[in-house]
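Put together the whole structure using the sequences plus the hints.
Residue numbers (my numbering), protein chains in the order written: chain A, 1 to 469; chain B, 1 to 469.
Keep in mind that a hint or two might mislead.
Unchecked claim - Estimated spans, in silico, between C-beta atoms of each pair:
(1) B:304 x A:117: 49 to 57 Å
(2) A:112 x B:339: 36 to 44 Å
(3) A:239 x B:114: 53 to 61 Å
Stated by the list, open to error - Covered stretches of chain B, as calculated for chain A (at least 3 residues, CB under 8 Å):
(4) 147–154
(5) 207–216
(6) 219–226
(7) 405–413
Please keep in mind that the hints were generated in silico from the structure rather than gathered at the bench.
Quick reminder that beta carbons are idealized off the backbone N, C-alpha and C, glycines included.
2 protein chains.
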Amino acid sequence: MNSLHTSIDTLFPPRISEILAMEPQEQMLTVCGWLRTHRDSGSLSFLELNDGSSLENLQILIENNTTGWSNLHKLIHTGAALEVRGSLQPSPAKGQRLELRAESIVLVGEADAASYPLQKKRHSFEFLRTITHLRSRTNALGAVARIRNILSFAIHRFFRDHGFIQVHTPIITTSDCEGAGEMFTVTTLTAPSSDNEFNYQRDFFGQHAGLTVSGQLQAEVYALSHSRVYTFGPTFRAENSNTTRHLAEFWMLEPEMAFCDLQGNMQVAEALLRFLINTVLEEGAADLALFDRHIEAGLLRKLATLCSQKFQHLSYSEAIDALEKSGRAFEYPVHWGMDLQAEHERFLCEELVQGPLFVTNYPATIKPFYMRLDEGEKTVAAMDLLVPGIGELIGGSQREERLDILQARMQGAGLDPAKYDWYLDLRRYGSVPHAGFGLGFERLVQFCTGLANIRETIPFPRSPGQAPC
Amino acid sequence: MNSLHTSIDTLFPPRISEILAMEPQEQMLTVCGWLRTHRDSGSLSFLELNDGSSLENLQILIENNTTGWSNLHKLIHTGAALEVRGSLQPSPAKGQRLELRAESIVLVGEADAASYPLQKKRHSFEFLRTITHLRSRTNALGAVARIRNILSFAIHRFFRDHGFIQVHTPIITTSDCEGAGEMFTVTTLTAPSSDNEFNYQRDFFGQHAGLTVSGQLQAEVYALSHSRVYTFGPTFRAENSNTTRHLAEFWMLEPEMAFCDLQGNMQVAEALLRFLINTVLEEGAADLALFDRHIEAGLLRKLATLCSQKFQHLSYSEAIDALEKSGRAFEYPVHWGMDLQAEHERFLCEELVQGPLFVTNYPATIKPFYMRLDEGEKTVAAMDLLVPGIGELIGGSQREERLDILQARMQGAGLDPAKYDWYLDLRRYGSVPHAGFGLGFERLVQFCTGLANIRETIPFPRSPGQAPC
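Okay, here's the thing in structure tokens:
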């Protein structure tokens with residue numbers, strides 16, 4: 001049996017992150033990567049090699065009289081792909097523990113010094129956005145990719161460890177969860193049928209279909225069969241707004257839990273966020289330090305504080321009270337029934353409680369139909385988690401599980417209950433109190449990196465007029 | 001610090017899968033779930049409760065003279081949500097080790113016996129497809145959800161353990177990877193601008209955009225910065241074909257590896273598949289046994305065999321030879337240069353080698369532009385993995401890393417190199433041999449469950465005319 005187990009660990013050369021953790025050794029190593037910089041010093045050349053496995057480069061040393069090197073030397077520029085063979089030795093110089101003394105270097109792929117856009121100097125994020133296909137080769141964007149990977153796996157681990165199963169909810173849908181009318185249309189029609197009108201009955205799905213704005217309604221289906229589920233995937237907004245906080249395509253995490261109320265919902269959200277931040281602090285320390293140094297001073301302290309801080313709770317009514325008593329002149333005047341604006345959220349979170357804050361029980365009139373109506377019928381069992389610097393990171397609610405109230409709320413929202421009959425069935429048959437929330441993954445990456453523009457947090461950002469690659 | 005760690009494990013009652021693994025105990029337990037069936041026997045009622053955590057139900061026993069029970073009894077039907085409190089005792093009856101002796105039962109949500117579509121009898125998959133919002137409550141579809149969850153997490157674990165990072169490649173794209181013209185259009189246009197023509201310059205992205213058919217090209221970007229990456233997410237085909245093997249929306253896993261050739265690519269594919277099958281055999285045994293019993297006799301043996309079998313290799317030319325020498329009368333006549341049809345794949349895989357088979361080095365004319373041209377220039381470094389009963393489960397290749405050859409292949413395929421200039425940049429700057437493959441996740445679920453129709457393998461299937469929920 002053993003001989004049949006294909007080992008892939010010997011298939012690839014060791015990654016630089018692995019090499020940097022090794023002890024010095026005489027045994028020859030082969031390492032592959034891309035040249036970041038190089039310089040000559042006396043009879044030696046120094047090369048900085050990176051393979052994306054860590055922020056840190058591996059320093060390569062080669063004697064200039066090594067056979068073949070003097071010719072190769074002239075061809076090697078920043079961005080070139082190299083295969084290096086050498087022995088790992090303690091580095092006498094400052095800045096690194098180890099260096100690889102090269103016995104041979106192979107130039108695998110050239111990079112022309114005159115035209116390669118990523119030279120040693122620092123580039124603005126604006127410029128890097130024009131070369132999304134190359135920017136992952138920079139320190140900052142390379143680090144974002146590793147942070148995303150850590151957070152993404154941590155999400156799966158958290159939910160697996162707590163008995164949730166992942167459900168792949170659909171991207172193409174005929175249900176508009178938020179009823180906000182900001183859906184992209186998905187179509188195979190290439191021309192209208194008559195009078196500039198589209199006949200979606202002739203379209204691929206036989207009706208109008210769009211890109212999902214949330215997997216929640218479908219996640220509820222599985223919460224009512226499998227108790228605790230989550231969906232984690234791309235979601236979409238056809239909002240024509242070019243801001244540093246919005247993307248047309250972004251990843252959203254949405255857990256959904258049967259036999260769970262608003263309190264339980266907030267406990268899960270808090271435990272999740274603590275776990276994710278703890279994990280990224282442990283596994284992404286070197287990358288986070290880069291962002292702390294160059295992007296957001298105090299980032300590491302901010303993250304560590306969040307893990308040790310108690311999350312505060314305020315009802316919406318208490319929040320309005322506090323805003324009214326603050327004596328602040330807000331741009332948007334404060335009154336009960338309004339939606340909280342960024343300036344209000346910042347005051348509450350960053351000044352009033354100075355830490356993560358759950359605001360709960362918002363007016364029913366400003367929240368979607370599926371949120372559970374509180375006693376008194378003025379508010380719903382909603383919660384938003386505000387965090388410093390970001391504002392709303394998580395939004396959720398207990399869901400309305402009572403059929404008659406849900407039907408009335410749908411009608412009030414102008415939705416056609418017939419179209420959501422399948423959703424109502426979940427209240428007709430074995431309905432239970434249940435709750436869930438949505439966490440915008442790129443907002444989380446922004447929180448963990450301090451990046452000002454959300455377009456740096458996702459590999460290939462999509463926004464109005466922008467979908468290169 | 002400890003007191004701040006919100007524990008969510010005490011938040012929820014134990015799941016039935018956990019209870020079924022406990023020892024009998026006097027301490028009272030609370031359990032929540034949905035009623036599958038119930039029956040009376042003498043002075044006792046027996047209820048079968050399921051919460052989606054396992055195929056197995058928890059048997060609940062209640063004495064008919066328990067206070068309040070006689071009234072409740074009449075209201076409780078299949079599908080009802082219940083909260084039960086009782087003590088866990090050894091079961092004297094056959095069929096289960098434990099049972100819960102109920103002290104109290106709360107009816108959380110009713111299910112009307114006359115109208116609830118899921119009564120005790122078995123339902124056809126065709127019927128269940130008309131109620132995708134309820135079908136996850138059945139044994140078979142509930143098991144599919146757990147199998148998907150096991151496989152999905154195993155994918156993340158495999159790649160993490162081998163130094164890959166996950167990249168979230170975009171859904172909305174302006175690049176058509178396969179050049180097959182089977183993309184859905186994504187638009188916010190509601191009317192043509194003139195003469196029934198769409199002016200996509202006026203559209204959201206300022207040009208025509210569609211739903212991705214593969215994340216490969218974008219994964220290559222990250223393979224050339226981070227060495228080993230994978231993307232796992234939804235992909236789309238606007239193929240107007242209603243078969244048991246195709247979906248308009250499906251999940252695809254696509255690893256991409258720098259410094260890797262076709263041989264390495266196949267080794268990773270083989271190691272991955274063995275790991276996934278081993279994991280599902282270990283963690284999904286009870287669910288797989290259901291499919292072995294009712295859907296595909298011999299399923300468990302088939303899966304165990306795959307893990308212990310050597311994967312065979314044939315070049316395309318050798319495969320054509322074997323087909324010609326087989327003496328079989330195929331519907332599609334065999335000749336070098338043809339694409340292999342299902343009948344040919346079945347013969348090669350199920351009869352000739354009787355196990356998993358890599359077919360490699362296909363004619364360049366029938367494969368996409370990005371596959372690496374072999375010496376002789378007639379074939380490309382492609383590989384398809386065929387498995388019994390399914391046919392092609394994995395398809396991949398070494399990628400063309402040589403700029404001039406790639407440009408020529410693009411032109412040959414009728415693509416505009418200017419549009420793929422970003423992709424060509426990957427060959428201009430630090431190009432390296434690299435390779436990757438795609439694994440259709442729903443095909444894998446089909447292979448693991450034996451389900452005949454792929455629409456049972458995904459929670460909310462999308463196909464021509466079909467996008468409910």
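How the hints compare with the structure:
no. : hint                      : result
1   : B:304 x A:117: 49 to 57 Å : 52 Å, holds
2   : A:112 x B:339: 36 to 44 Å : 39 Å, holds
3   : A:239 x B:114: 53 to 61 Å : 45 Å, violated
4   : 147–154                   : holds (count 4)
5   : 207–216                   : holds (count 3)
6   : 219–226                   : holds (count 5)
7   : 405–413                   : violated (count 0)
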